[in-house]
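**Q** Sequence:
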Amino acid sequence: MAEFTMELNDDQKQVRDWIHGFAADVIRPAAAEWDEREETPWPVIQEAAKVGIYSLDFYAQQFFDPTGLGIPVAMEELFWGDAGIALSIVGTGLAAIGVVANGTEEQIGTWIPQMYGTPDDVKVAAFCSSEPDAGSDVGSMRTRAVYDQAKDEWVLNGTKTWATNGGIANVHIVVAVVDPELGTKGHASFIVPPNTPGLSQGQKFKKHGIRASHTAEVVLEDVRVPGSCLLGGKEKLDERLARARERARAGGGGERVKNAAMATFEASRPAVGAMAVGTARAAYEVALDYAKTRTQFGRPIIDNQGVAFQLADMRTSIDAARLLVWRASWMAVAGKPFTSAEGSMSKLFASEVAKKVTAQAVQILGGNGFTREYPVERMHRDSAIYTIFEGTSEIQRLVIARTISDMPIR
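The numbering of the sequence shown is my numbering, which starts it at 322 and goes up by one.
Since the hints were derived computationally from the structure, they do not count as laboratory data.
Mixed in with the good hints there might be a few duds.
To be verified - No farther apart than 25 Å at their CA atoms in a straight line, the calculated lysine-lysine pairs in the DSS-like style are these:
| no. | residue 1 | residue 2 |
| --- | --- | --- |
| 1 | K506 | K444 |
| 2 | K527 | K334 |
| 3 | K613 | K557 |
| 4 | K613 | K677 |
| 5 | K444 | K334 |
| 6 | K676 | K506 |
| 7 | K527 | K613 |
Unchecked claim - Cβ-Cβ distance ranges computed for the label pairs, FRET-style:
| no. | residue 1 | residue 2 | range |
| --- | --- | --- | --- |
| 8 | M327 | N478 | 32 to 40 Å |
| 9 | K472 | E556 | 51 to 59 Å |
| 10 | S521 | G548 | 21 to 29 Å |
| 11 | P518 | T637 | 32 to 40 Å |
Bear in mind that the values here come from a model prediction, so they are computed numbers and not experimental data.
Cβ coordinates follow ideal geometry from the N, Cα and C atoms, glycine included.
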């Protein structure tokens, strides 16, 4: 286990500065254009692939950082550049996490490279969990997967929604119900290979923020995938379902079993917190610079306590959010259990900070902050997503409350 320190090492600083440079030189100049176009910024993703940021190797290196800080540092810098473009660059990672968290070594080696493609032919992947009637309430999921033993195939039917890269992805990871009687314990994840018949894109959403990131419905109509596309394999699934049935017959209790979607979200929540920190920091820096150079009544507006104190609170809350993210990330890599739902804490606090700080930045810029001539307007719109996706702030509070009380709070 790496010794705890508040200081990044030389390698981490080098990576941070490298990503920051890419965010400043490539992402930021393109941010306003792709936000207006509301299209996937393929040229920027390709540039990220060419320099090595959009690649399996890069994310693996950051993921296996022994301090746990590789991923949050990278996320903060990319989202400091622009949330919409950054999400287009990192969105594939959620699907990749789904495979790493639930798949076999063979599945990891086969499918994750296909999620990214090559610098000359970039691809993206999609993780499909939410449904029109099952967002935070994953127990209401209706997408079904039925096993055809004669052909060793799974047949998937249903509709997924809010899928980042949904429909345009090379590889889709789909969470489906295999045993409805077991509730969330009866879920499993499936790989849907490229060009599989029956999978199509439904509605593409026109969003309030993160508009450079593609979000759409994914429709599954008699989608057949080989048995080898069940993440973890059928033997492991059958064993897990048998344990869940036995516990159900015994009246519950015993070891908790996480469903496939929750395992993926739990692993990614601190990273989402880092994204929120990046957006908040970007808005704070714009506001600070503006307050130091904007003059009213013959002096910079930062000379006024009303502005200066806001900036002081903004910086304090950003640093506090970062520390919660770093703590959760370090705990995860050190194998320390989230006994107080520290992962959810980091995502909850950082998400709320991003919304508040970006709103304060708009206020400090006044009328200018309300226009698209300044980036804080876009940052404020983008920040709204952090309290919604991968578990709303309300769900994070529920998770934290249940964890610290060990009570079935509803």
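**Q** Tell me the numbers of any earlier hints that the structure contravenes, in ascending order.
**A** 1, 2, 3, 5, 6, 7, 8, 9, 11
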